[in-house]
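**Student:** Residue numbers (numbering that gives the first Met the number 0), protein chains in the order written: chain A, 0 to 684; chain B, 0 to 181.
Worth flagging that the hints you see were computed from the coordinates, not collected in a lab. From a predicted model like this one, the values you see are computed outputs, not experimental measurements. Take the hints with a grain of salt, since some may be wrong.
List time: in silico SDA-like cross-link candidates among lysine to any residue, alpha-carbon distance up to 25 Å [claimed, not checked]:
hint: 1; chain 1: A; residue 1: LYS171; chain 2: A; residue 2: ALA104
hint: 2; chain 1: A; residue 1: LYS276; chain 2: A; residue 2: ASN336
hint: 3; chain 1: B; residue 1: LYS153; chain 2: A; residue 2: ASN336
hint: 4; chain 1: B; residue 1: LYS47; chain 2: A; residue 2: VAL638
hint: 5; chain 1: B; residue 1: LYS151; chain 2: A; residue 2: GLY35
hint: 6; chain 1: B; residue 1: LYS169; chain 2: A; residue 2: GLU132
hint: 7; chain 1: B; residue 1: LYS140; chain 2: A; residue 2: ILE198
hint: 8; chain 1: A; residue 1: LYS49; chain 2: A; residue 2: ALA69
hint: 9; chain 1: B; residue 1: LYS151; chain 2: A; residue 2: SER433
hint: 10; chain 1: B; residue 1: LYS84; chain 2: A; residue 2: PHE404
hint: 11; chain 1: B; residue 1: LYS49; chain 2: A; residue 2: VAL638
hint: 12; chain 1: B; residue 1: LYS151; chain 2: A; residue 2: GLU435
hint: 13; chain 1: A; residue 1: LYS645; chain 2: A; residue 2: ALA248
hint: 14; chain 1: B; residue 1: LYS66; chain 2: B; residue 2: GLN35
hint: 15; chain 1: B; residue 1: LYS160; chain 2: B; residue 2: SER71
hint: 16; chain 1: B; residue 1: LYS169; chain 2: A; residue 2: ASP26
hint: 17; chain 1: A; residue 1: LYS491; chain 2: A; residue 2: ILE58
hint: 18; chain 1: B; residue 1: LYS169; chain 2: A; residue 2: ALA248
hint: 19; chain 1: A; residue 1: LYS600; chain 2: A; residue 2: PHE630
hint: 20; chain 1: B; residue 1: LYS84; chain 2: A; residue 2: ASN336
hint: 21; chain 1: A; residue 1: LYS65; chain 2: A; residue 2: THR605
hint: 22; chain 1: A; residue 1: LYS49; chain 2: B; residue 2: GLN35
hint: 23; chain 1: A; residue 1: LYS397; chain 2: A; residue 2: GLU31
Just a sample of chain A residues kept apart from chain B, beta carbon distances all over 12 Å, derived [stated by the list, open to error]:
hint: 24; residue: LYS45
hint: 25; residue: GLY334
hint: 26; residue: ARG567
Ideal Cβ placement from N, Cα and C applies to all residues, glycine included.
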Amino acid sequence: MKATLKIALAGVSCFAMTQAASAQTLDYGLYEELFGEPVTTSATGKPQRKSDVPLNMEIITQSQIKRSGARDIPQILRRYAGLSVHEFSIASSEVGIRGYNQPFAERILVLVNGRQVYLEYFGIVIWSLIGVELSEIRQIEVIRGPNTALFGFNAVSGVINIVTDNPLYTQKTTVTAGYGSQNQRFASLTSSFKINEMIGVRISAGLGGMDEFDTQGPLAFNRDTVILDPRRRHVTGEIYAQLTDSIQATLEGSYTDIDQNGFSPLRIEAKAQSKLKVIRARIIAETGIGQININGYINDTDPLFQLPTPGPNLNSIRPFNKSTILQVSDLFKVGTNHTFRISGEYRNSDFQFRGLDFSPLDGGGDLQYNIYSAAGLWDWAIQDNLTLSTAMRYDLLKLDRSGGFPGGFPFSNDDYNRTIKEVGLNAGLVWKVSEEDTLRFTIARGVDIPSLVEFGLVFPVAPSPFGGAVFVTGDPDTNTSPVWNYEIDWDKRLDSISSNMRIAVFYQTVKDLQAFNAGQVIAPPNILNLLGNIGDSEVFGFEVSLDGENDDTFWLLNYSYIDVTDDRTVNNGPVTTSPYLGEEEASTHTFNVNVGHTFGKFTVDTLLHYTSSYQTSRNLFLPPPGSFQRFDVSSNFRVDLRLAYKVNDSVELEVVGQSIFDNNFFESSQAPVQRQVFFRIQTSF
Amino acid sequence: MKISNVRGGLLLASIATSLVFSTSSAYADITTRDVQVAARAIAFLSSKPKGVRATAIIYDQSNAASKAEANSLVKILTASKGTGKLKFSAPRLVDISALETLDGVEIAFLSSELSSHHDDIATAASAAGVLTVSSDLDCAKQGNCVLGIQSKPKVQMFISKKAASEAGKKFLPTLLMLAKEV
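Work out the full structure: start from the sequences and follow the hints.
**Tutor:** Written out as structure tokens, the structure is:
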């Protein structure tokens, strides 16, 4: 054992000492040009070609983003296999990967340049709060399936990493402006430039506004209690500095401010006004022991949610949340066939529950957790055409609460002093059977932990018959939800039609699902509807996709099938008491046909998108307290169209129509979605 | 489980899947695209070479196929624009009987039909500090060439750690992780 360790250490030092000192972030454009395909670090933490990654990954390029004509990220994602997008209002959508798409779904981890943008107080992603403009996105990396071993908790359905232009490698300025139906108006400026050979700067800013859909849903989407003119403002600045040949550093600050309507997990609309402030510093250094990455950031969220509930017309809640994250990793090779990455992470997230006037809510306390993590990756090139990647991560979470409770509450602060230990695993075997064919066999264990809200929310929603209140309440004893995913993928290059084909078959199990209204406690004068565990679930599915392009034409076709089966303790009878409807809310069949063609200065891109029917629900505050009415969403064909005219190399005009043949159709039990048409002018130089 | 059993299982699986999946050969004539890929890869040397680099083509003048490909390579390299910052000089032809004349050459492309001479080429190239490039991927896999490149049907790049070290060439770590280091 000692001899083996000495040899291993000698191998590391030999490797490190012979390597050139040149630390840099990944120059995506240069390597994509070299290898003829996108490259990424999101799969394992080491740079890899898309065809080499040991899991199911989609990389959406800058060109594909532009051709989508989309105004926001969810509308880009809609057209890819395994992804579902439910539009709840004109400014907000929920995205799911392989099922379980529901309001405030906490199963997808979303990052910008490796920095998480999902909000820990609820484990959610508010897409318009992400501090990025479409024109500065280099690529969007979508991982289907768990990747807890690399990214930590809640990367259970998948991971979406948004990569922006790096000013040290790409210098470009883009100005965009547009106007359209529903009084949509938007403008953005993105610029990445170099001050000198050593320093680059990225700035981006955007603002926009629109009128909410003027439709009235059948289940009383109440236009008197929503924001009628959603808006968004954002600014980000980032400095990249090549301090020495061996060290590169970045410093980023970002601010985003939104007013919009969302769909709360209680299945009622909510005014969602949020401000997000971010500061981040990162150092990459090439050393004698490998490439060291140090990454630290603070996400400071100042949200205000206002929900229409019986009793007061609007119930207001400010879940202040500040998350501090510090990550350190070391990436190195031993010999020619073995790559290792070891990493550690510390995370602190605190949650302060306040009312509209910033005072503590009745009985609301302060909750926080500290998470200590250690992870390792081993990538073994067994043969030229056979690679095995194995990653494991250990997380230790310590939960803590301070503050009071409403009278008669059955919990004390001691109940929140919990320690949770979990292990995440990702293993993938990539077999290049031939130059055209690649098989991937993957197994993954992910973990979905309760959010800070799910642990410790104390939220009055209605008066109780005992003179107190009905509270929606977190449960400190909620179990984490382990997810196992088993998958086989077949990638095939079809040179005769300039296309790539993928077939993926997967099976996934989820234990101890978490949901609102998992149980009820009568504690006079109050009634507590508890967040908690509601049973198990499994999903089987397959995806087939074909994409390709030649000089003038681009195509993307895919079909997805999923079958979700729940074994749950709620919603098995005539009354729907919990908002969770996993198997009912999954759309079994989805297909996309996305074709584009350029002729002269004109480009036409079309998307035909189909989802089969599913069932969702809405909270009407019907008795018994906290019950929901089910709502059928019909199958839907949706056609989007983009027509672009290239005035010259710098200027392009577009007209985009979303759902051009269908107006007032449902993707949720909230307001029906309306047709949208907008014009956009973009200039790049 | 014994390693021999694992390897045997893999061999049987390879035979079975070759009946289903298409295969292709390990060698192809160097194309313009290959030269472009080579130029981009060479730009990732830690020395960050720029400008015109002294280039040669190693061939066997007694072999008609090797000579024909060498002539084709001359045309490709002469027309090549490199990467923008790195360019190839008008290439010098070097017969395998005159490898000692590689002195002063920085980059050498190997013509076809040279597999029986790979050892000699490796010895001469390492002594002269020459970065050798071949579309015969086995040349790099066996440690006789620094770079093995094929660009069709997809880019394959093999970097021999042994040959690179002996020639005094160091590539950036990121490229070594993206290519196949052997």
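**Student:** Please work out if B/LYS49 and A/VAL638 have their alpha carbons no farther apart than 25 Å.
**Tutor:** Violated. B/LYS49 to A/VAL638 sits at ~50 Å, over the 25 Å cutoff.
**Student:** Is it true that the CA of B/LYS169 sits at most 25 Å from the CA of A/ASP26?
**Tutor:** 18 Å, holds
**Student:** May I ask you to check that A/LYS45 keeps its beta-carbon over 12 Å from the closest beta-carbon of chain B?
**Tutor:** 5 Å, violated
**Student:** Compare the distance between the alpha carbons of B/LYS66 and B/GLN35 with 25 Å, and conclude whether the hinted pair is satisfied.
**Tutor:** Judged against 25 Å, a Cα distance of about 22 Å means the pair holds.
**Student:** Would the hint linking B/LYS47 and A/VAL638 be met if the CA-CA limit is 25 Å?
**Tutor:** At roughly 49 Å apart (the allowed maximum being 25 Å), A/VAL638 and B/LYS47 break the hint.
**Student:** Taking 25 Å as the top limit, are the C-alpha atoms of A/LYS171 and A/ALA104 close enough?
**Tutor:** Answer violated: A/LYS171 to A/ALA104 is near 35 Å, above 25 Å.
**Student:** Can you confirm whether the C-alpha distance between B/LYS84 and A/PHE404 stays at or below 25 Å?
**Tutor:** 68 Å, violated
**Student:** Holds or violated: B/LYS160 with B/SER71, Cα cutoff 25 Å?
**Tutor:** It is violated: about 29 Å lies between the C-alpha atoms, which goes past 25 Å.
**Student:** Assess, step by step, whether the Cα of B/LYS151 is no farther than 25 Å from the Cα of A/GLU435, and give holds or violated.
**Tutor:** Distance ~10 Å between B/LYS151 and A/GLU435 Cα, so the pair holds.
**Student:** Given the hint that B/LYS151 pairs with A/SER433, does the C-alpha gap stay at or below 25 Å?
**Tutor:** At roughly 13 Å apart (the allowed maximum being 25 Å), A/SER433 and B/LYS151 satisfy the hint.
**Student:** Could you let me know if the closest chain B CB is still more than 12 Å away from the CB of A/ARG567?
**Tutor:** 41 Å, holds
**Student:** Checking one constraint from the list: CA of A/LYS397 to CA of A/GLU31, max 25 Å. Satisfied?
**Tutor:** 42 Å, violated
In the structure shown, a violation is registered for the earlier hints numbered 1, 2, 4, 6, 7, 10, 11, 13, 15, 19, 20, 23, 24 and 25, in ascending order.
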